[in-house]
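Kindly generate the complete structure, drawing on both the sequences and the hints.
What follows is the residue order along each chain.
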Amino acid sequence: DSGVTQTPKHLITATGQRVTLRCSPRSGDLSVYWYQQSLDQGLQFLIQYYNGEERAKGNILERFSAQQFPDLHSELNLSSLELGDSALYFCASSPQTVVNTEAFFGQGTRLTVV
Amino acid sequence: GENVEQHPSTLSVQEGDSAVIKCTYSDSASNYFPWYKQELGKRPQLIIDIRSNVGEKKDQRIAVTLNKTAKHFSLHITETQPEDSAVYFCAASKGWAAGNMLTFGGGTRLMVKP
Numbered sequence: 268d269s270g271v272t273q274t275p276k277h278l279i280t281a282t283g284q285r286v287t288l289r290c291s292p293r294s295g296d297l298s299v300y301w302y303q304q305s306l307d308q309g310l311q312f313l314i315q316y317y318n319g320e321e322r323a324k325g326n327i328l329e330r331f332s333a334q335q336f337p338d339l340h341s342e343l344n345l346s347s348l349e350l351g352d353s354a355l356y357f358c359a360s361s362p363q364t365v366v367n368t369e370a371f372f373g374q375g376t377r378l379t380v381v
Numbered sequence: 004g005e006n007v008e009q010h011p012s013t014l015s016v017q018e019g020d021s022a023v024i025k026c027t028y029s030d031s032a033s034n035y036f037p038w039y040k041q042e043l044g045k046r047p048q049l050i051i052d053i054r055s056n057v058g059e060k061k062d063q064r065i066a067v068t069l070n071k072t073a074k075h076f077s078l079h080i081t082e083t084q085p086e087d088s089a090v091y092f093c094a095a096s097k098g099w100a101a102g103n104m105l106t107f108g109g110g111t112r113l114m115v116k117p
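First to last, the sequence lines map onto chains A and B.
The first sequence begins at 268 in the working numbering and counts up by one.
The second sequence begins at 4 in the working numbering and counts up by one.
Among the clues, some could well be false.
What follows is a set of in silico ranges between Cβ atoms, one per label pair, in the way DEER data are often shown [stated by the list, open to error]:
no. : chain 1 : residue 1 : chain 2 : residue 2 : range
1   : B       : GLN84     : A       : GLU349    : 39 to 45 angstroms
2   : B       : ALA32     : A       : PRO337    : 28 to 34 angstroms
3   : B       : GLY19     : A       : PRO337    : 28 to 34 angstroms
Under the rule of at most 20 angstroms between Cα atoms (straight-line distance), these lysine to any residue pairs were calculated in the SDA-like manner [to be verified]:
no. : chain 1 : residue 1 : chain 2 : residue 2
4   : B       : LYS40     : A       : THR379
5   : B       : LYS45     : A       : GLU369
6   : B       : LYS40     : A       : SER305
7   : B       : LYS40     : A       : LYS324
8   : B       : LYS40     : A       : LEU355
9   : B       : LYS45     : A       : GLY319
10  : A       : LYS324    : B       : ALA101
11  : B       : LYS61     : B       : GLU5
12  : B       : LYS40     : A       : LEU306
13  : B       : LYS40     : B       : ILE51
14  : B       : LYS74     : B       : VAL57
15  : B       : LYS45     : A       : THR379
16  : B       : LYS45     : A       : SER269
17  : B       : LYS61     : A       : TYR317
18  : B       : LYS25     : B       : GLU5
19  : A       : LYS324    : B       : VAL57
20  : B       : LYS40     : A       : THR368
Keep in mind the hints are simulated off the structure, nothing from the lab.
Glycine residues also receive a C-beta, built at the ideal position from the N, C-alpha and C atoms.
Right, dumping it as structure tokens:
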């Protein structure tokens, strides 16, 4: 158990719908990262939050947004869903120090868009 | 941005043999290189990492080497066992200034035949 909790584990929804994925980081970790893993794309960095503020942005679609709340949990919102959005979405957290440290991954949310 | 290429995409070895996975990165500012193992349906888990001020690091049967000049790093697994079968991902990070987020290679599916 990495200490990073993601809910739900599985999500099936229809095209055009909107979903919210939730992540609770390890206790004390200020940074939360979201990654998308699809079959043909590997692990792609989407966005990072640090202590409530957006810190870095990767290949995140405009239909997707995220936020980090004062209790440090994060939510990834996916809207106007398309079939191609079906993927495993991972959240990771790290202590975020000047020296790189391990990123701990949650168990992921498997999103299926039908 | 950073680009990480990983080879081979699949690797099949006999139990007890060695396995080598190679990665190249494009951005000389990258200074942290972790390797993650992902078993089917599970989260990526860190198995070893190396920083840019170190050329080699070992942990029991696993070793990683880094050549900063050539911008490539490799994972070596000796005396492979069936439980080593998984997908392995290399990654690179540019550190705090870039948010410590990881750019992943495409992954290597390692199959260890008993």
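(Q) What's the verdict on LYS45/B and SER269/A, does the C-alpha distance respect the 20 angstroms limit or exceed it? (A) holds, 11 angstroms
Check: Taken at face value, is the distance from the CA of GLU5/B to the CA of LYS61/B at most 20 angstroms?
Finding: Violated, at about 26 angstroms.
Check your understanding: Straight-line Cα separation of LYS25/B and GLU5/B no greater than 20 angstroms?
Key -> holds, 16 angstroms
* To do: Take the C-alpha atoms of LYS61/B and TYR317/A, compute the straight-line distance between them, and say whether it is at most 20 angstroms.
  => violated, 32 angstroms
(message) Next pair to validate is LYS40/B with LYS324/A; report whether the Cα-Cα distance is within 20 angstroms.
(response) violated, 24 angstroms
* Given the hinted pair LYS40/B and THR379/A, is their alpha-carbon gap at most 20 angstroms? -> violated, 24 angstroms
- prompt: Given the hint that LYS324/A pairs with VAL57/B, does the C-alpha gap stay at or below 20 angstroms?
  reply: violated, 29 angstroms
Q. Given the hint that LYS74/B pairs with VAL57/B, does the C-alpha gap stay at or below 20 angstroms?
A. holds, 13 angstroms
Task: LYS45/B paired with GLY319/A [C-alpha distance capped at 20 angstroms] - done: Not satisfied, since the Cα-Cα distance of roughly 28 angstroms exceeds 20 angstroms.
Given the hint that LYS45/B pairs with GLU369/A, does the C-alpha gap stay at or below 20 angstroms?
Holds. LYS45/B to GLU369/A sits at ~17 angstroms (cutoff 20 angstroms).
Please check whether ALA32/B and PRO337/A have a Cβ separation lying inside 28 to 34 angstroms. Between ALA32/B and PRO337/A, where Cβ atoms are some 33 angstroms apart, the hint holds.
Assessment of proposed distance window 28 to 34 angstroms (beta carbons of GLY19/B, PRO337/A)
violated, 53 angstroms
Checked against the numbered hints listed earlier, the structure breaks hints 3, 4, 7, 9, 11, 17 and 19; every other hint is satisfied.
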